[in-house]
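Residues per chain are reported as follows:
Number of protein chains: 2
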Amino acid sequence: MTKVNNEKKSELGITAEKDEFSDWFTQIMLKADLADYTDVSGCIVFRPTAYAIWEKIKEECDKRFKNLGVKNCYFPILIPEKLLSREKEHVKGFSPEVAWVTHAGDTKLNERLAVRPTSETIMYPSYSKWIKSWRDLPLKLNQWNNAIRWEFRHPVPFLRTREFLWNEGHTVYANEKESLKERDEIKKTYKEVCENFLALYGVYGRKTEREKFAGAVFSEKFHYILPNGKAIEGPCFHHDGENFAKAYNIKFLDEFGKAQYANQNTFAISTRMLGVMFAVHSDEKGLILPPKIAPNQIVIIPIFDEKTKKQVLAEAKKIQKELSEFNPILDEREYQRPGFKFNEYELKGIPIRIEIGPKDLEKKQVILFRRDNLKKDPIKIINLKKRIPKILEEMQKNLFNKSKKLFEGKIQSSDNLKDIKKIIESKKVGIVPLCKNEKCEEMIKFETKGAKALFIDEKKIKGEKCIICNNPADYFVYVGKSY
Amino acid sequence: MTKVNNEKKSELGITAEKDEFSDWFTQIMLKADLADYTDVSGCIVFRPTAYAIWEKIKEECDKRFKNLGVKNCYFPILIPEKLLSREKEHVKGFSPEVAWVTHAGDTKLNERLAVRPTSETIMYPSYSKWIKSWRDLPLKLNQWNNAIRWEFRHPVPFLRTREFLWNEGHTVYANEKESLKERDEIKKTYKEVCENFLALYGVYGRKTEREKFAGAVFSEKFHYILPNGKAIEGPCFHHDGENFAKAYNIKFLDEFGKAQYANQNTFAISTRMLGVMFAVHSDEKGLILPPKIAPNQIVIIPIFDEKTKKQVLAEAKKIQKELSEFNPILDEREYQRPGFKFNEYELKGIPIRIEIGPKDLEKKQVILFRRDNLKKDPIKIINLKKRIPKILEEMQKNLFNKSKKLFEGKIQSSDNLKDIKKIIESKKVGIVPLCKNEKCEEMIKFETKGAKALFIDEKKIKGEKCIICNNPADYFVYVGKSY
Chain V
47 MTKVNNEKKS
57 ELGITAEKDE
67 FSDWFTQIML
77 KADLADYTDV
87 SGCIVFRPTA
97 YAIWEKIKEE
107 CDKRFKNLGV
117 KNCYFPILIP
127 EKLLSREKEH
137 VKGFSPEVAW
147 VTHAGDTKLN
157 ERLAVRPTSE
167 TIMYPSYSKW
177 IKSWRDLPLK
187 LNQWNNAIRW
197 EFRHPVPFLR
207 TREFLWNEGH
217 TVYANEKESL
227 KERDEIKKTY
237 KEVCENFLAL
247 YGVYGRKTER
257 EKFAGAVFSE
267 KFHYILPNGK
277 AIEGPCFHHD
287 GENFAKAYNI
297 KFLDEFGKAQ
307 YANQNTFAIS
317 TRMLGVMFAV
327 HSDEKGLILP
337 PKIAPNQIVI
347 IPIFDEKTKK
357 QVLAEAKKIQ
367 KELSEFNPIL
377 DEREYQRPGF
387 KFNEYELKGI
397 PIRIEIGPKD
407 LEKKQVILFR
417 RDNLKKDPIK
427 IINLKKRIPK
437 ILEEMQKNLF
447 NKSKKLFEGK
457 IQSSDNLKDI
467 KKIIESKKVG
477 IVPLCKNEKC
487 EEMIKFETKG
497 AKALFIDEKK
507 IKGEKCIICN
517 NPADYFVYVG
527 KSY
Chain Y
47 MTKVNNEKKS
57 ELGITAEKDE
67 FSDWFTQIML
77 KADLADYTDV
87 SGCIVFRPTA
97 YAIWEKIKEE
107 CDKRFKNLGV
117 KNCYFPILIP
127 EKLLSREKEH
137 VKGFSPEVAW
147 VTHAGDTKLN
157 ERLAVRPTSE
167 TIMYPSYSKW
177 IKSWRDLPLK
187 LNQWNNAIRW
197 EFRHPVPFLR
207 TREFLWNEGH
217 TVYANEKESL
227 KERDEIKKTY
237 KEVCENFLAL
247 YGVYGRKTER
257 EKFAGAVFSE
267 KFHYILPNGK
277 AIEGPCFHHD
287 GENFAKAYNI
297 KFLDEFGKAQ
307 YANQNTFAIS
317 TRMLGVMFAV
327 HSDEKGLILP
337 PKIAPNQIVI
347 IPIFDEKTKK
357 QVLAEAKKIQ
367 KELSEFNPIL
377 DEREYQRPGF
387 KFNEYELKGI
397 PIRIEIGPKD
407 LEKKQVILFR
417 RDNLKKDPIK
427 IINLKKRIPK
437 ILEEMQKNLF
447 NKSKKLFEGK
457 IQSSDNLKDI
467 KKIIESKKVG
477 IVPLCKNEKC
487 EEMIKFETKG
497 AKALFIDEKK
507 IKGEKCIICN
517 NPADYFVYVG
527 KSY
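So the protein sequences, as listed, match chains V and Y. When you line the first sequence up against the working numbering, it's residues 47 to 529, in that order. When you line the second sequence up against the working numbering, it's residues 47 to 529, in that order.
Next comes chain V alone, as it looks inside the complex (with noise of 0.2 Å):
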């Protein structure tokens, strides 16, 4: 068994430490076998693991998206420039982004034509034709899609890349208090999700107007932090009023006959929530999955010679039919040995790993690990299938109440600049009292090297003082290095 400390470092394992965030998370990603470069700047592969994790995600959100009468559709990938255009804000937040298809074959095409960045341009003249009376509303429509944003920072897997996976919803309403009703619904599917399947604590909040969508009248994310001490942006919910409806001409006629613009909401779920749970909960030796997202729950691993060999496996076969429900793999390779697949479904990160050789048998027991704390144990057979329910349910609970140590642990607050900027420095996330004049905010970043106001905390102002112009603050902001 001495084999497995002696593998760990080898090139198959991680050799970074969780410290040097960038290498650790990068070797994770590679060698988990969750994405891989390809030769498309800044676009990964997802490969089956992350997509089936995605997969998963998906089905969660899109179940509470139908229950809230949400209805899924298809539009074009590409869209007309001059649609793009319409929303002046929006093109000024999404143009610099933008992939542009100039030719179709050898033909140079008359416009150019955007890969979508977010389809809000292409989907609203539909809208305006589709709506025309009150009972046309609500409108509730959502795409699972890919879309495509060339940013010019440095892409990291699943956390910043080019095209990336999502769902956008776009939701019509006929006025701002029905629109509005939407939000806590959207909260709560996305809170759901994250943290009962995802086991990610994040904290729900509004960006400040520097810092809000392209077009919205408010927009409204959960915030994680990862180990590195970077804030990244989680599922999103924008409420846009009536800004697009002038702009593409989404008018109904209401009960009375009388002319409305309409009001809308959208919100949005990427493939960069796979990053951020793999980032939280992995560990040195590897990946680890929440137990409720991993697309196998057990790893069997029978330990047997050419004399235990028949008894051993059929066992292995008899126990991961029992565990079926949990999708147990059962490694029956012989030219890998037992130290060798332990390592491996480590770093993978299946939750949990039964081994059984042939002592065990004689004992009618096998061992189980647990992936989140390494902890093993002996368990009766005839024990385990009323116990892994719990132990996953254990493990579920235990890596959101760790994610949510990491994050408290990363939080401090500060009522100066020159602390703000040792918090930011230290790698932590600052809370801070601020005015909601931009320049202050963006003196924020100035001082800190980069740290950006993240969003406005719940907690209300007492009376403090902005930390950058000393006059009267209008708010707590996290403040914080993100990506």
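There may be inaccurate statements among the hints.
To be verified - Computed footprint of chain V on chain Y, listed as stretches where at least three residues anywhere in the stretch have a Cβ under 8 Å from a Cβ of chain V:
1) 82–88
2) 96–104
3) 141–149
4) 227–239
5) 431–445
What the hints assert, rightly or not - DSBU-like cross-link-like pairs, simulated, lysine-lysine; straight-line CA separation at most 35 Å:
6) V:Lys-104 x Y:Lys-186
7) V:Lys-102 x Y:Lys-186
8) Y:Lys-363 x V:Lys-233
9) V:Lys-186 x Y:Lys-64
10) V:Lys-491 x Y:Lys-154
11) Y:Lys-154 x V:Lys-117
12) V:Lys-109 x Y:Lys-355
13) Y:Lys-443 x V:Lys-109
14) V:Lys-227 x Y:Lys-175
15) V:Lys-233 x Y:Lys-364
16) Y:Lys-443 x V:Lys-387
17) Y:Lys-102 x V:Lys-186
18) V:Lys-237 x Y:Lys-367
19) Y:Lys-117 x V:Lys-356
20) Y:Lys-175 x V:Lys-338
21) Y:Lys-186 x V:Lys-355
22) V:Lys-178 x Y:Lys-356
Hint data in this document are derived by calculation from the structure and do not stem from the laboratory. The structure displayed is predicted, hence computed values, not measured ones. All residues carry an ideal CB built from backbone N, CA and C; glycine is no exception.
With chain V fixed as given, assemble chain Y onto it according to the hints.
Quick look at chain Y alone, frame taken from chain V:
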């Protein structure tokens, strides 16, 4: 009840006969809210009903793929030009239809990027990296994604769109024998989904050399015939042999340590099957959907006045609840008359309509209307739950049989050029003996003003002569105009 017929030919309903196929089909697409045009020529909106059917097709195929050990993944949509060009036949086939990304924001890219017309050329460089030993095989990956082929022929919603949705399976085997076994599995998968769910009769057959997939050793597809006599290709299976393995260097060490090229297949089903299904089953009243693929199997229309409203609605709701497994819509709108609703749901293809009024209530019955044969019958409420599955099954079978009849009625054999020209003129598909000389295949197309060799018949040649050159024929081929 006469209102029904009066409204039939109104603007809301279908105003074209099925004979005027193009107009009729387009009206159904638009008026049954299946698709809409967009400002991007050749690209449509897949509206919720059409998209929900696509989701069902995906689900049924996907679960069969997974049972075959195929895993889902995701590769970038953008493909560097140099990768696209590596397999010569392949690039020749696709480059005239490629949409090219040349700029990101204001920056001109160093190398043009193709929007995927299909993913061989972006996937196989990764395959080359991942596959090292016979132990890495088979590798069975699949993507559900969007693809773009910028055809310059007249686009038709679903049937020929520049962007389409599809699966693309890409599998790798150690040798030809194993790879060819997959053909039957994939054929079975697509056949089950298209016959049992879409209720479509199609014929599977091999393409001629001239018509096979660019880069394949051979291509086989399901073929359908639309009411206008035009053939259309359905799901396909391509056997690539070592062609791509050689171009993309996909090699492995076999059990004896010898380097070997891998053997590959690809397979696909696309959203054009939605168009095939809509076109084959529908009629002059609008869409007809096979019950097993319809998002809602039943619509309940309560008929009442002020006095009977409460009682009728209560019963309608009770029925809705009892039949919940069939996703019944209950249309309670009071501002639309029953006749209007009848037309609307006939147009939208809901398989069963249940009408319930005060007189029915007295008799403890409802009126049940079948969309496939337009028959109306009273049925006791107490029998509904038991009878409906049987009726739906009958409808499903009926639609499949009709589609088989449609196909067979469009086929005519011929052993000479004069007859085949007449067959094509009469909007049918011919079967003719032909030799393998590509010139003869070209000549048929020329002589018939555009009918091409669709696929090779299973029936063997017994001394027949090629209808063009009069030399011994090599096979019988189906010849027809096509999408």
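Okay, the hints, checked on the actual structure:
no.	hint	verdict
1	82–88	holds (count 4)
2	96–104	holds (count 4)
3	141–149	holds (count 9)
4	227–239	violated (count 0)
5	431–445	violated (count 0)
6	V:Lys-104 x Y:Lys-186	22 Å, holds
7	V:Lys-102 x Y:Lys-186	20 Å, holds
8	Y:Lys-363 x V:Lys-233	32 Å, holds
9	V:Lys-186 x Y:Lys-64	33 Å, holds
10	V:Lys-491 x Y:Lys-154	30 Å, holds
11	Y:Lys-154 x V:Lys-117	38 Å, violated
12	V:Lys-109 x Y:Lys-355	34 Å, holds
13	Y:Lys-443 x V:Lys-109	31 Å, holds
14	V:Lys-227 x Y:Lys-175	50 Å, violated
15	V:Lys-233 x Y:Lys-364	34 Å, holds
16	Y:Lys-443 x V:Lys-387	51 Å, violated
17	Y:Lys-102 x V:Lys-186	20 Å, holds
18	V:Lys-237 x Y:Lys-367	31 Å, holds
19	Y:Lys-117 x V:Lys-356	30 Å, holds
20	Y:Lys-175 x V:Lys-338	31 Å, holds
21	Y:Lys-186 x V:Lys-355	30 Å, holds
22	V:Lys-178 x Y:Lys-356	30 Å, holds
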